[in-house]
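S.K.: Now for the letters of each chain:
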Amino acid sequence: RGALDLPHGSVVAAACSRVGQRVLHVDRRSYYAANWASFTFNALLTWIQEHQAESLSEEVQDRSSLVEEGEELIYLSGSDSASISNLQVFCYISEEAEEEEEPPNTTEEEEAAQEQGEEPEADQPQPSAPPSQSEPTRKKISYTQLEKEGRRFNIDLVSKLMYSRGSLVDLLIKSNVSRYAEFKNVTRILTYRHGSVEQVPCSRADVFASRQLSVVEKRKLMRFLTSCVEETEEHQAYNGRPFLEFLREQQLGDNLQHFLLHSIAMVTEDTLTEVGLTSTRHFLRCLGRYGNTPFLFPVYGLGEIPQCFCRMSAVFGGIYCLRHSVSCLIVDKDSNRCKAVIDSRGQRISCSHFVVEDGFVGADRRVTTPTRLLSRAVLITDASVLPGDSEQQVSLVTVPPTDGRPAVNMVELSPSTMTCIPGTYLVHLTCQSVGSAYEDLSPVVTRMFCTAECQDQENRPAVLWCLYFNMADGSGVEPEGHDLPSNVYVCSGPDGALGHEHAIKQAESIFLKILPEEEFCPPAPNPEDIIYDGENTSPTSTGEEEGLTAAGGEGEEKQQEQQEEETSLQPEE
Amino acid sequence: QHGRVKIKTTAQQEEEKRKEREKKLKIYVAARDACFSKRNEGIWDDEALQLTQQLLSSNPDFATLWNYRREILIDKDEVQKIYEAELSFTESCLKVNPKSYGSWHHRGWVSARLPRPDWARELTLCDRCLSLDDRNFHCWDYRRMVVKMSGVPVDQELAFTDRLIGSNFSNYSSWHYRSTLLPLLHPESPEPPSPCQQLLKEYELVQNAFFTDPNDQSAWFYYRWLLGRGMSIEMISCVYVNRDEERVAVAFSRPVNAQSVGLFLVLDGQPQRVEWRSVHPRFKQSPVWICNLPPGTISDITNERNLTVHWTEKHTHRDCALYTGRTESWCRDSATDQELFRSELSVEKTSVLQSELQSVKQLQELEPLNKWCLLTIILLMRALDPLGYEQEMLAHFRTLKEVDSMRSAYYSDLCSKFMIENTILKMEYAEVRVFSISDKNLTTLCHLDQLLLVTHINLSSNHLQRLPPQFAMLQCLEVLEADNNAIENLEGVYHLPKLEEVLLKNNKISTLADLQTLASCPKLKRLDLRGNPVTQTANVESELAELLPSVTDLLL
Numbered sequence: 001r002g003a004l005d006l007p008h009g010s011v012v013a014a015a016c017s018r019v020g021q022r023v024l025h026v027d028r029r030s031y032y033a034a035n036w037a038s039f040t041f042n043a044l045l046t047w048i049q050e051h052q053a054e055s056l057s058e059e060v061q062d063r064s065s066l067v068e069e070g071e072e073l074i075y076l077s078g079s080d081s082a083s084i085s086n087l088q089v090f091c092y093i094s095e096e097a098e099e100e101e102e103p104p105n106t107t108e109e110e111e112a113a114q115e116q117g118e119e120p121e122a123d124q125p126q127p128s129a130p131p132s133q134s135e136p137t138r139k140k141i142s143y144t145q146l147e148k149e150g151r152r153f154n155i156d157l158v159s160k161l162m163y164s165r166g167s168l169v170d171l172l173i174k175s176n177v178s179r180y181a182e183f184k185n186v187t188r189i190l191t192y193r194h195g196s197v198e199q200v201p202c203s204r205a206d207v208f209a210s211r212q213l214s215v216v217e218k219r220k221l222m223r224f225l226t227s228c229v230e231e232t233e234e235h236q237a238y239n240g241r242p243f244l245e246f247l248r249e250q251q252l253g254d255n256l257q258h259f260l261l262h263s264i265a266m267v268t269e270d271t272l273t274e275v276g277l278t279s280t281r282h283f284l285r286c287l288g289r290y291g292n293t294p295f296l297f298p299v300y301g302l303g304e305i306p307q308c309f310c311r312m313s314a315v316f317g318g319i320y321c322l323r324h325s326v327s328c329l330i331v332d333k334d335s336n337r338c339k340a341v342i343d344s345r346g347q348r349i350s351c352s353h354f355v356v357e358d359g360f361v362g363a364d365r366r367v368t369t370p371t372r373l374l375s376r377a378v379l380i381t382d383a384s385v386l387p388g389d390s391e392q393q394v395s396l397v398t399v400p401p402t403d404g405r406p407a408v409n410m411v412e413l414s415p416s417t418m419t420c421i422p423g424t425y426l427v428h429l430t431c432q433s434v435g436s437a438y439e440d441l442s443p444v445v446t447r448m449f450c451t452a453e454c455q456d457q458e459n460r461p462a463v464l465w466c467l468y469f470n471m472a473d474g475s476g477v478e479p480e481g482h483d484l485p486s487n488v489y490v491c492s493g494p495d496g497a498l499g500h501e502h503a504i505k506q507a508e509s510i511f512l513k514i515l516p517e518e519e520f521c522p523p524a525p526n527p528e529d530i531i532y533d534g535e536n537t538s539p540t541s542t543g544e545e546e547g548l549t550a551a552g553g554e555g556e557e558k559q560q561e562q563q564e565e566e567t568s569l570q571p572e573e
Numbered sequence: 001q002h003g004r005v006k007i008k009t010t011a012q013q014e015e016e017k018r019k020e021r022e023k024k025l026k027i028y029v030a031a032r033d034a035c036f037s038k039r040n041e042g043i044w045d046d047e048a049l050q051l052t053q054q055l056l057s058s059n060p061d062f063a064t065l066w067n068y069r070r071e072i073l074i075d076k077d078e079v080q081k082i083y084e085a086e087l088s089f090t091e092s093c094l095k096v097n098p099k100s101y102g103s104w105h106h107r108g109w110v111s112a113r114l115p116r117p118d119w120a121r122e123l124t125l126c127d128r129c130l131s132l133d134d135r136n137f138h139c140w141d142y143r144r145m146v147v148k149m150s151g152v153p154v155d156q157e158l159a160f161t162d163r164l165i166g167s168n169f170s171n172y173s174s175w176h177y178r179s180t181l182l183p184l185l186h187p188e189s190p191e192p193p194s195p196c197q198q199l200l201k202e203y204e205l206v207q208n209a210f211f212t213d214p215n216d217q218s219a220w221f222y223y224r225w226l227l228g229r230g231m232s233i234e235m236i237s238c239v240y241v242n243r244d245e246e247r248v249a250v251a252f253s254r255p256v257n258a259q260s261v262g263l264f265l266v267l268d269g270q271p272q273r274v275e276w277r278s279v280h281p282r283f284k285q286s287p288v289w290i291c292n293l294p295p296g297t298i299s300d301i302t303n304e305r306n307l308t309v310h311w312t313e314k315h316t317h318r319d320c321a322l323y324t325g326r327t328e329s330w331c332r333d334s335a336t337d338q339e340l341f342r343s344e345l346s347v348e349k350t351s352v353l354q355s356e357l358q359s360v361k362q363l364q365e366l367e368p369l370n371k372w373c374l375l376t377i378i379l380l381m382r383a384l385d386p387l388g389y390e391q392e393m394l395a396h397f398r399t400l401k402e403v404d405s406m407r408s409a410y411y412s413d414l415c416s417k418f419m420i421e422n423t424i425l426k427m428e429y430a431e432v433r434v435f436s437i438s439d440k441n442l443t444t445l446c447h448l449d450q451l452l453l454v455t456h457i458n459l460s461s462n463h464l465q466r467l468p469p470q471f472a473m474l475q476c477l478e479v480l481e482a483d484n485n486a487i488e489n490l491e492g493v494y495h496l497p498k499l500e501e502v503l504l505k506n507n508k509i510s511t512l513a514d515l516q517t518l519a520s521c522p523k524l525k526r527l528d529l530r531g532n533p534v535t536q537t538a539n540v541e542s543e544l545a546e547l548l549p550s551v552t553d554l555l556l
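Chains as they are written, first to last, in full-length UniProt numbering: chain B, 1 to 573; chain Z, 1 to 556.
Take these hints with a grain of salt, some might be off.
Below 30 Å or equal to it, Euclidean Cα-Cα: the simulated DSSO-like pairs (lysine-lysine) are [unchecked claim]:
#1 LYS95(Z) to LYS174(B)
#2 LYS401(Z) to LYS220(B)
#3 LYS505(Z) to LYS417(Z)
#4 LYS513(B) to LYS8(Z)
#5 LYS220(B) to LYS361(Z)
#6 LYS371(Z) to LYS220(B)
#7 LYS8(Z) to LYS174(B)
#8 LYS174(B) to LYS19(Z)
#9 LYS201(Z) to LYS220(B)
#10 LYS174(B) to LYS17(Z)
Quick partial rundown of chain B residues pointing at chain Z, CB under 8 Å, derived from the structure [as the list claims (entries may be wrong)]:
#11 ARG204
#12 VAL207
#13 MET222
#14 PRO525
#15 ILE530
Just so you know, these hints were derived from the structure itself, not from any lab.
Predicted, not measured: the structure shown is a model, and the values here were computed from it.
Just so you know, even glycine gets a beta-carbon here, dropped at the ideal spot from N, CA and C.
Work the whole structure out from these sequences, hints included.
M.R.: Structure follows, in structure tokens:
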């Protein structure tokens with residue numbers, strides 16, 4: 001019934017398949033989920049190469065021979081390469097592990113300077129790492145090792161976290177899709193302040209244990225957070241005025257004000273009070289459901305999420321084709337509806353609905369919106385920015401805006417998330433672009449990490465390898481108003497927000513346009529409750545374990561059902 | 001619709017589940033019956049182990065089956081191997097029900113008998129259980145056993161409570177465990193030196209908790225424990241002797257049963273055979289006991305007499321000299337000497353208490369309506385200077401009654417107690433035998449054992465509803481003023497040998513029976529009952545004349 005072309009299209013695909021629609025899911029690439037994907041280290045290197053080579057566009061083939069009377073063609077753009085730009089790669093480690101220590105020499109700086117001066121397009125994906133670039137004191141992992149163990153990395157192109165009461169978690173639970181993945185708690189929230197990294201006390205236990213807050217500050221913080229939960233008249237009185245002003249008048253002091261503004265509400269100084277409070281409330285509602293922070297992160301990376309929905313779609317009959325793209329749409333002139341699509345091999349496939357990522361819609365048919373970009377950096381480091389009792393911390397680090405540079409969200413993943421190899425941390429930085437990703441983020445990287453240039457290697461973790469790139473900001477894309485047939489739906493790429501609200505909301509609204517009568521992702525049935533072909537009445541007992549249950553187990557069962565919601569998305573601890 | 005996955009209806013599922021349950025029940029009942037009959041036949045074999053295992057793993061709360069299992073296990077050889085299997089079996093039962101009495105008990109039984117126990121493993125299991133539910137008292141109990149058996153050092157256990165409190169400080173079990181560990185780690189020396197570092201650290205820890213969440217009780221209770229470690233010494237606090245009545249009254253620092261603690265009276269070196277009785281027949285335990293000396297032993301006013309009361313159980317005694325020409329005499333330690341009302345809270349140095357008071361006051365500025373905070377301030381103030389802080393204390397009690405109106409009666413009683421303590425202190429500083437506490441909103445009477453020597457008491461204009469049996473401890477009382485209360489019960493005005501005047505204007509005494517106890521006071525002359533319902537009774541005057549023949553001045 002429908003043809004799909006990704007990305008959180010995977011959610012739409014799962015939702016459609018689940019209610020009995022026939023879904024064909026095609027992707028031009030060799031992996032699912034476009035910019036939502038996770039890569040191994042080696043696959044990421046390939047991706048980098050492809051994107052640097054992608055300027056030569058595919059030849060547009062004439063498909064007019066396939067058009068019947070009363071139909072017309074809309075050509076889709078061959079690639080969405082425009083969504084990624086300014087790729088830059090830096091490597092700060094030697095090719096091979098070395099036993100002998102060499103003093104750093106001047107070539108190091110020259111190399112780095114040279115690299116920065118180069119045009120991004122011309123940048124080498126794997127810059128040669130001559131031995132001179134090595135760092136003698138902290139050299140443990142070599143580039144060869146990264147490549148050799150590259151399969152154990154799961155590097156996401158987007159960096160997001162799951163709010164434990166956000167719409168993604170709700171959807172995963174409601175639809176039973178959560179059974180396809182496991183999750184870890186984000187264990188702490190950090191912030192960069194006065195040149196160092198501090199832990200943000202956000203839960204009751206954190207506040208109690210905090211060494212940096214005085215008892216009076218503890219009380220003020222707890223009282224403020226409690227008072228935020230419900231909207232009061234006092235709050236309303238500040239509507240339309242900056243959140244910062246509201247915070248200042250609560251007499252909280254600089255410490256708490258910083259924590260609340262940048263790490264809990266995660267807003268800027270000119271955000272309005274009502275927005276700041278809504279954001280604070282969301283944060284607080286998410287606390288304590290699965291752990292001491294409001295966030296979860298999927299084991300094996302965010303790329304797992306679209307995969308899970310694809311799996312769900314496939315379970316309910318969705319058909320998947322990789323390395324296969326749709327080159328044009330066939331539109332019925334009378335009804336202005338898309339009747340069929342033509343794939344890259346010239347095959348005509350009928351469809352009743354078509355969902356496409358905005359990048360594939362030709363510029364002539366798009367509503368022109370000023371392109372907004374995200375700046376991204378991915379670092380592989382050798383230590384945590386704030387070493388703690390445990391080496392398996394998963395941290396969100398908020399870096400407040402400085403000197404006209406935007407606020408940066410940084411997520412530091414430990415090997416426990418199965419996204420990097422033991423002895424390393426995978427660090428994602430994200431902000432709204434002002435300049436190129438390198439311009440926006442490298443100052444933060446040099447302040448918080450030790451790159452080749454840094455002298456005091458004592459305190460800061462070293463960057464082993466890093467990648468900068470810009471990505472189109474999906475929140476800047478209009479889902480409506482394009483010059484397209486009424487049954488063609490455009491979904492945007494990833495947005496810059498920390499949560500998944502934007503993507504899930506969009507997926508649900510597309511689904512409701514396609515199938516206004518149907519429920520969005522109803523719970524998937526248990527395998528034993530599915531009736532197979534020709535089977536009418538209850539199947540013979542599946543020969544389950546002959547377990548014993550105490551009589552009167554009915555009450556227990558009820559309880560179990562109630563618990564289901566929480567346990568089905570049990571963070572793995 | 002085509003291609004849509006078909007799902008069973010709810011009715012179908014229900015039906016299947018019902019059948020499933022029926023089937024399971026059948027198997028369960030059959031296995032249970034098999035177990036019982038085997039046990040009756042005295043068969044203790046491996047099959048029985050298997051059967052009980054099958055049953056217990058789905059219902060771990062079947063105590064009889066656990067017993068049967070132990071009967072079988074106790075005779076086994078190769079204990080180590082079999083018992084280790086038992087451990088993993090109970091572990092699986094605990095997954096079914098983490099609060100199963102049977103499973104935990106069985107695990108304890110097995111662990112204690114294991115030749116080579118792996119206590120570290122058991123501690124890990126407890127930690128895991130407590131991380132899932134930090135209030136699982138079964139696990140706490142089992143853990144205590146493990147700690148005892150394996151001799152985990154106290155400081156390690158303290159670190160364990162640090163961890164638990166760190167993850168959730170609303171946990172009485174952890175705080176309480178801490179309160180049992182600290183005295184072991186820092187045994188109290190007889191001469192308390194400057195407060196030790198550990199104690200200061202404890203104050204800091206608990207302050208962090210109640211500043212973070214002042215509504216959480218557990219931290220406040222722990223704080224009370226930290227502060228209040230004063231212990232009064234057990235002793236005879238007062239010996240009173242009256243020549244005319246040939247009577248001795250003895251007051252103790254705590255309620256005792258004088259008939260069983262080995263109380264001896266020695267008069268001029270001669271042990272006396274006396275009959276000790278409590279002041280009121282209601283009391284088996286009492287802080288005040290009285291006895292009559294044999295007639296004539298001390299009646300001669302020209303003789304000096306020396307009394308000694310021995311409390312043999314506590315190896316303590318008190319002497320009392322009755323000098324020539326005196327009709328009564330006493331020997332005692334006063335409440336002020338003993339710092340009685342202060343030691344109730346703390347023996348800490350004033351400087352420590354002062355700084356604690358500052359901290360809690362700081363919290364009160366932020367949380368002016370927090371009841372725990374207010375109550376703690378009151379207690380600290382009382383430990384520091386009960387008279388100096390009297391006005392502030394009263395103001396805090398007023399706030400408490402407003403913010404926690406459900407407990408206003410409790411606060412009224414507590415405030416009464418503190419006001420009585422203050423009045424006792426004032427009386428003793430003034431060295432008088434008059435106890436006057438009118439118009440202070442008293443709702444209850446207490447510390448009456450401290451008023452043994454009082455001759456005049458003024459309780460007017462309070463909210464008292466009764467004069468309780470303890471009132472009979474006022475053995476020297478001559479004048480009782482209690483106008484303008486709500487007294488309806490005079491139970492405690494009982495055998496007061498010197499009582500002459502009872503003023504009960506405007507109270508709630510309604511029947512003659514309520515006045516019955518007054519008949520036991522032989523010297524009662526003046527009685528004011530104006531404004532009481534009882535005055536409306538028919539023939540009240542003649543009835544009273546009959547009931548209380550000694551009364552000459554009756555006001556109705």
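S.K.: All hints, please: hold or fail.
M.R.: These are the hints, each one checked on the structure:
{"no.": "1", "hint": "LYS95(Z) to LYS174(B)", "in the structure": "26 Å, holds"}
{"no.": "2", "hint": "LYS401(Z) to LYS220(B)", "in the structure": "25 Å, holds"}
{"no.": "3", "hint": "LYS505(Z) to LYS417(Z)", "in the structure": "24 Å, holds"}
{"no.": "4", "hint": "LYS513(B) to LYS8(Z)", "in the structure": "28 Å, holds"}
{"no.": "5", "hint": "LYS220(B) to LYS361(Z)", "in the structure": "15 Å, holds"}
{"no.": "6", "hint": "LYS371(Z) to LYS220(B)", "in the structure": "18 Å, holds"}
{"no.": "7", "hint": "LYS8(Z) to LYS174(B)", "in the structure": "19 Å, holds"}
{"no.": "8", "hint": "LYS174(B) to LYS19(Z)", "in the structure": "28 Å, holds"}
{"no.": "9", "hint": "LYS201(Z) to LYS220(B)", "in the structure": "22 Å, holds"}
{"no.": "10", "hint": "LYS174(B) to LYS17(Z)", "in the structure": "23 Å, holds"}
{"no.": "11", "hint": "ARG204", "in the structure": "6 Å, holds"}
{"no.": "12", "hint": "VAL207", "in the structure": "5 Å, holds"}
{"no.": "13", "hint": "MET222", "in the structure": "6 Å, holds"}
{"no.": "14", "hint": "PRO525", "in the structure": "5 Å, holds"}
{"no.": "15", "hint": "ILE530", "in the structure": "6 Å, holds"}
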